[in-house]
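Engineer: Line by line, the protein sequences give chains W, X, R, U, Y and B.
Mapping of the first sequence onto the working numbering: residues 8 to 119, in sequence order.
Mapping of the second sequence onto the working numbering: residues 8 to 119, in sequence order.
Mapping of the third sequence onto the working numbering: residues 8 to 119, in sequence order.
Mapping of the fourth sequence onto the working numbering: residues 5 to 447, in sequence order.
Mapping of the fifth sequence onto the working numbering: residues 5 to 447, in sequence order.
Mapping of the sixth sequence onto the working numbering: residues 5 to 447, in sequence order.
Everything labelled a hint here was simulated from the structure, so no lab data went into it.
Hints should not be assumed to be uniformly reliable.
Computed spacing ranges between beta-carbons, pair by pair [to be verified]:
no., chain 1, residue 1, chain 2, residue 2, range
1, Y, 402, U, 390, 53 to 61 Å
2, B, 199, Y, 391, 24 to 32 Å
3, Y, 402, U, 90, 53 to 61 Å
4, W, 59, X, 31, 41 to 49 Å
5, B, 294, U, 84, 57 to 65 Å
6, W, 111, B, 199, 44 to 52 Å
7, Y, 169, B, 169, 53 to 61 Å
8, Y, 264, U, 202, 37 to 45 Å
9, B, 403, W, 59, 21 to 29 Å
10, U, 90, B, 169, 43 to 51 Å
11, R, 30, W, 91, 24 to 32 Å
12, R, 91, X, 47, 24 to 32 Å
13, R, 74, Y, 397, 46 to 54 Å
Even for Gly, the Cβ is constructed at its ideal location relative to N, Cα and C.
Residue strings, one per chain:
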Amino acid sequence: MKLITAVIKPFKLDDVKAALETFGVKGLTVSEASGYGRQKGHTEVYRGAEYKVDLVPKLRVEILVDDDDADDVIDVVVKAAQTGKIGDGKVWSVPVETVIRVRTGETGAEAL
Amino acid sequence: MKLITAVIKPFKLDDVKAALETFGVKGLTVSEASGYGRQKGHTEVYRGAEYKVDLVPKLRVEILVDDDDADDVIDVVVKAAQTGKIGDGKVWSVPVETVIRVRTGETGAEAL
Amino acid sequence: MKLITAVIKPFKLDDVKAALETFGVKGLTVSEASGYGRQKGHTEVYRGAEYKVDLVPKLRVEILVDDDDADDVIDVVVKAAQTGKIGDGKVWSVPVETVIRVRTGETGAEAL
Amino acid sequence: MKIDTGATAWMLAASALVLLMTPGLAFFYGGMTRAKSVLNMMMMSFVSIVTVTIAWVLYGHAFAFGTNGNSTLNKVIGGVKEIGLQSLINSTQPTGTGDKTAIPSLVFSMFQLTFAIITVALISGAIADRTKFGAWVVFTFAWATLVYFPVAHWVWGGGWLSQLGIEDFAGGTVVHVNAGAAGLALAFVLGKRKGWPKEPMRPHNLGYTLLGVGLLWFGWFGFNAGSEVGVDGTTALAFMNTQIATAVAAGSWIVVEKLRDGHATTLGCASGAVAGLVAITPACAFIDPWAAMLLGVVVGAVCAYAVGLKYKLGFDDSLDVVGVHLVGGALGALSLGILARYATAGTAQGQGLLYGHHGFKQLGLQALGPVAIGLYSFCMAWVIGKIIDKTIGFRIEEEEEVAGIDIAVHAESAYDLAPSHGGGALAAASVAAASQAKVEAEA
Amino acid sequence: MKIDTGATAWMLAASALVLLMTPGLAFFYGGMTRAKSVLNMMMMSFVSIVTVTIAWVLYGHAFAFGTNGNSTLNKVIGGVKEIGLQSLINSTQPTGTGDKTAIPSLVFSMFQLTFAIITVALISGAIADRTKFGAWVVFTFAWATLVYFPVAHWVWGGGWLSQLGIEDFAGGTVVHVNAGAAGLALAFVLGKRKGWPKEPMRPHNLGYTLLGVGLLWFGWFGFNAGSEVGVDGTTALAFMNTQIATAVAAGSWIVVEKLRDGHATTLGCASGAVAGLVAITPACAFIDPWAAMLLGVVVGAVCAYAVGLKYKLGFDDSLDVVGVHLVGGALGALSLGILARYATAGTAQGQGLLYGHHGFKQLGLQALGPVAIGLYSFCMAWVIGKIIDKTIGFRIEEEEEVAGIDIAVHAESAYDLAPSHGGGALAAASVAAASQAKVEAEA
Amino acid sequence: MKIDTGATAWMLAASALVLLMTPGLAFFYGGMTRAKSVLNMMMMSFVSIVTVTIAWVLYGHAFAFGTNGNSTLNKVIGGVKEIGLQSLINSTQPTGTGDKTAIPSLVFSMFQLTFAIITVALISGAIADRTKFGAWVVFTFAWATLVYFPVAHWVWGGGWLSQLGIEDFAGGTVVHVNAGAAGLALAFVLGKRKGWPKEPMRPHNLGYTLLGVGLLWFGWFGFNAGSEVGVDGTTALAFMNTQIATAVAAGSWIVVEKLRDGHATTLGCASGAVAGLVAITPACAFIDPWAAMLLGVVVGAVCAYAVGLKYKLGFDDSLDVVGVHLVGGALGALSLGILARYATAGTAQGQGLLYGHHGFKQLGLQALGPVAIGLYSFCMAWVIGKIIDKTIGFRIEEEEEVAGIDIAVHAESAYDLAPSHGGGALAAASVAAASQAKVEAEA
Ligand SMILES: Nc1ncnc2c1ncn2[C@@H]1O[C@H](COP(=O)(O)OP(=O)(O)O)[C@@H](O)[C@H]1O
Ligand SMILES: Nc1ncnc2c1ncn2[C@@H]1O[C@H](COP(=O)(O)OP(=O)(O)O)[C@@H](O)[C@H]1O
Ligand SMILES: Nc1ncnc2c1ncn2[C@@H]1O[C@H](COP(=O)(O)OP(=O)(O)O)[C@@H](O)[C@H]1O
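Same shape as in the complex, but just chain W (with noise of 0.2 Å):
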């Protein structure tokens, strides 16, 4: 098993969706993150005071995914998130020792 990681631009995430949903992966979590790197953030102004914010959204998606259809899992989603600008974000995976579905105690492959 593996868990794959995701940060791309949250304007991409239902791509990404789609893509994973058409390759077969049926679940994923997501959550709000912000960003830094080169991809530079904005400026804003208050009363003539400027502010600089150099985070940028991000989305991070994580998909549990078995050990054979990783690559596969991880060559969908960066396609799918990629838009050849500055900022498109990185996918990473690490090994994962157990996976468990709450529901029912299901574990490894069954649990995804």
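Here the structure of chain W is known, so what remains is to put chains X, R, U, Y and B with the ligands in place on it, guided by the hints.
Structural biologist: Chains X, R, U, Y and B with the ligands alone, transformed into the frame defined by chain W:
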């Protein structure tokens, strides 16, 4: 050391916290997340236009534990978070290499 | 590759970012979280009814680094985030199998 | 009679002010609910404007302020001539200033309508988070018809309570005791919210609550000083006393909090202000400024404790309609029996214990008012509520309550504030505008 | 002429009330946009106050309500004497009550100014999320000058439409049809928002929308009942009818929703109320309460469907200026041709089909008004819009639209609510107050 | 004297309008703080209503507007007869229109009370995020008593400044310079916020700020046009000029921003409007519309720069009370020395340089006012502040400041908006309603 991550229904947090405390786990980190899976979202209507919101609010709980406790803690969490209805969430564990308590610099089991 | 996760006090983010930049780390991902641990929360009062809020606002910082840099980066983060008071947070590291830059598809160290 | 344009100008402004109180109440209440039920809470107020306006035009004004030519029947109910308001066009209504001037009858009707609206809306605070919307709509029609219109007639329309000599300048009993008692009844009919009182249900947006108080306070000047139906020294006294009692009660409540809980809270300040507004309502034109101050001190402190009663007695009056409106309204009405000095200018009629020759009688009357109206309203609301509950059902499903009534009942959520790409990535980005086809098909 | 202090008091209050409607509109509209464009939406309203006030003082009042001594020219435009308003100081304006009293001319001017402001602001709802701020500023000046001032003159300043006998008590055509048609034109000029209608663009803060409706409703009493320019039975009727039609239309809209979509929504209730306010505007002083009720039922239902038209026809009238203001305003104006009873007291002049001897003629006139004004406004707005678009550009860059217009155009974000360390850790903690140096350097 | 119901109607409305300004200010200020201190900011305004009302009834009216029969003493302070306001019941106060009519004295008192309240509340903007609530309560009593009441007497109650011939129609010096100078003093007494100016402290909710501006603008018509205490051409001029200067100043500020910073901001527009309102306050009834326009241009631009001064001079006037109210108020007062034309109808009394025969004298007087009042207020506020600081302490602990004053001082948090299961899972779900027992025990 293991990192146990649980995606649960938000109103179950109190039960999970209580169960973990009883077991002896002293700390955890929570963040807001949204889940996509078998559980359906809901529909919203604005001036006659319908919007399908298919992400469901979840909480994401992270617990760092000693290797020996990992299985028990997973068990405790699964039991406390269970309602038996679709959407109860997942629990998974990942191996951790180092843990450090920022305040003191302690590492390993001491840091928990 | 390693994924270093730090749960820190929110007002320390600027210091952590600055320290990492000095060290040479160019990117990170942050999300809002809440912590439960030795640090106590606070009490709120509404029309005489008291509510104990025992979760404390934290930030969760994720940094992908090369294996060689991992220990140093952990060090940098711990130092920058330290106030010496209870609730300073934890830092932990997890092995990562692949990292990909979505924009270019580069993998490994290139992707950072 | 000659129209006094000045008096009319004030009554027009006052009508607009009182109408604004209901949106104000929507925010006062809405801020106190959880984020998942704020829209439903506000909608209960807004829909009261809809239903009570319709009932008022059709028959409400007639029942409350009409005459039916039968002096016995007229003790309990008005007439029918004013049905549809048609007969009020181009007719006039004497001002309350005794100078033989008038205002257009429709202005008086509009002013009174706004009272009926807010009284009904006030009740909704007792049943937050769990009420079927359709059932609430039915209840507002039924309760306005069977309770508010008759009771307004009893006290202000020449009915039996006014004939007894009960004083209620701007509605301590007609509005607040009346609504509070109905709220209590519905709290029993609907039962506790799931999780109450163990689960925390703290206010989700105190800014809204403060906004509500600001608008209520502002509008209440129309409510109280407008109740003179004219412009004279009494109007001025009512206005000033409203300000005094409200400010003092807000202060009194937060002093109690500071001493008892260690903190002066925003919600306490807001609640104290409303308690003060409630209590001064029946009394504002009849008492001296120092008495308004005294009343403010008492009601602020009493209500600060009264809102805790529900925990002791175990009923889920969610936003404290009982603790603030029933208790505050009764206290204000009662205070007249002691403090009233100007009830009817130049005579001892209606004066309280401190001034009148028949003080104890007035005190008795002032106790009778809240008791009679409170009981009537409680019983009727309970019966109406039970009938609704047994037929169409008054309460939403437990699952809907847990998930949130806004989405379940109104198919909306109040906030979508996430900054990521604007408009809530977690929600919006994952949403499909599924309905254009449907809209087109039906349009 | 002698100043009637009562009438003046009401007109002062009414002017303040109508002025408040524009901030109210800012919230009504602002709540409906996404979180990334709420500030820009509100700023389009607020800056309309700025630009229209300037234009009004300089020449707007003169063009709309001045006389130029040439009766032919005066059919289409006012005069120049009132430029700068200097000539209005210490002059008076007869009230509308026919009793030979007056109000200060500056009060009348102020009252009318507030109408001009909100009419311009209304248009902005059609072009949410994508409009260059500078271009909007230019548009407001141009459209107010070339459309609003003349049109107000045509109907209220003694121009050709009023000479024909068209009735519009408080602005169903001058304000709502006028703004709605201009909104439609701009929706075409600017084109659809990126992603519309596929991407969801749901309201980000319905509390703001409800607040807006509350303030609009409150202010609208000044709008409608103030349009009598005086205090009499007509003022009272206008006031009451405003309340009736608004409440009923809100109810009507949510009944349609309940039947069609299964849910009575907050936004539906709010939209229905506005539709009712719009439709009753031209008619409020001329029809009976039952007719106001009927009008409310019709307009609530019609507009509930009309807002779906844009999906069918494919124009992105973002916040439904057309569906609510153009449709509602035309419906209200037309309704006069049938329902008007009191158009000119004591005569058949202006009465509708049901009452007047020349009913069909009036119905024709009432159809002519919206058509003439709607066409004129649409064409002029389109031309002005195109000119702006070809010169300075009317629309922001696509990237700015995706990232959010608030940050791109105003360098601000509306909310920073995160609780961590107060004031949004994710944003604030990572911010550097880079500008002190700059500020100092420039101060 | 005969009561003019029209004038009274307007003054009743105006009193309600001005009272609403303080909640409006709470939102204007509250939106500019960080999310962790919004409730405290708002509470400083709301509690000012409480404390100043109490002080006003007890002795404020007497000190400011009473007479003491000693013409020398009366130069500096009023009398004692009006203590408790009892003597005002049934008494009247001449209107300002010179036609021998009156309004009830209590209406005048109420109107003036609302001025005292907002003046005190304005000060709080200088000391956001860090003020002990109890200390602020004490300060409001002390400053109102020792500064506001006497100063109001000097200028409006027949005291020495008015005897000198200084003009201040609605409070440019009495309200704005006075509050601004006190704010400056407290900014010094309390010192900078932790992290200022390095750490960013940007507004957390600009919608609130715009709401505040909307309510302030609306209420300010009562403030300025109500200051005529009657209804005539002067009232009308004051009303119109208020609108003109405000709109123009809002425009002027954002033009400066656009040229200087590249963006026209929402906060700039809001700030400009307030600056315009402040500056026109003393002058509104005395100058021509074109002069109001000129004043608007100047004050919008000057204040847009003045708010940057604090960075240069290093004092943390958190929400720019000095830059907007002190500077704007002084500018407005001064402008009278040049532009005033109608100061006392028909005479050269009080006319400015452009019109009066004694123009330079009036200009000098108009400079004296702000200087005298500003100095007095600054010194007294500093002394009162220091005494409070040395005794009960004026500032909260550093840790409380970092964690957020709302939770530390009021035990509340403003927002709990998280959608998960409604009402903030992260907060609410982890909360235990620990206190029922406590509440019960104490109830
Ligand atoms: N070393 C890192 N660790 C964790 N997240 C990172 C790291 N570097 C970048 N990110 C995340 O990836 C996002 C995109 O990175 P950025 O450098 O802006 O663009 P790109 O990846 O296209 O070169 C960042 O906003 C951040 O969320
Ligand atoms: N493959 C997955 N990877 C990550 N999270 C998942 C995955 N599948 C489900 N989840 C999470 O678990 C939650 C519950 O899953 P769901 O399929 O709705 O119900 P259940 O687990 O009871 O069958 C989802 O809302 C989502 O947050
Ligand atoms: N076992 C754990 N697993 C995950 N996160 C933890 C754990 N223990 C503590 N934390 C996180 O670390 C933060 C600080 O912990 P706490 O016990 O309050 O202070 P300290 O680490 O200084 O002793 C907590 O708020 C929580 O977010």
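Engineer: Each hint needs a verdict: does it hold in this structure or not?
Structural biologist: Taking the hints in turn, this is what the structure says about them:
{"no.": "1", "hint": "Y:402 <-> U:390: 53 to 61 Å", "in the structure": "holds (59 Å)"}
{"no.": "2", "hint": "B:199 <-> Y:391: 24 to 32 Å", "in the structure": "violated (49 Å)"}
{"no.": "3", "hint": "Y:402 <-> U:90: 53 to 61 Å", "in the structure": "holds (58 Å)"}
{"no.": "4", "hint": "W:59 <-> X:31: 41 to 49 Å", "in the structure": "holds (45 Å)"}
{"no.": "5", "hint": "B:294 <-> U:84: 57 to 65 Å", "in the structure": "holds (60 Å)"}
{"no.": "6", "hint": "W:111 <-> B:199: 44 to 52 Å", "in the structure": "holds (51 Å)"}
{"no.": "7", "hint": "Y:169 <-> B:169: 53 to 61 Å", "in the structure": "holds (56 Å)"}
{"no.": "8", "hint": "Y:264 <-> U:202: 37 to 45 Å", "in the structure": "holds (40 Å)"}
{"no.": "9", "hint": "B:403 <-> W:59: 21 to 29 Å", "in the structure": "holds (27 Å)"}
{"no.": "10", "hint": "U:90 <-> B:169: 43 to 51 Å", "in the structure": "violated (59 Å)"}
{"no.": "11", "hint": "R:30 <-> W:91: 24 to 32 Å", "in the structure": "holds (29 Å)"}
{"no.": "12", "hint": "R:91 <-> X:47: 24 to 32 Å", "in the structure": "violated (48 Å)"}
{"no.": "13", "hint": "R:74 <-> Y:397: 46 to 54 Å", "in the structure": "holds (52 Å)"}
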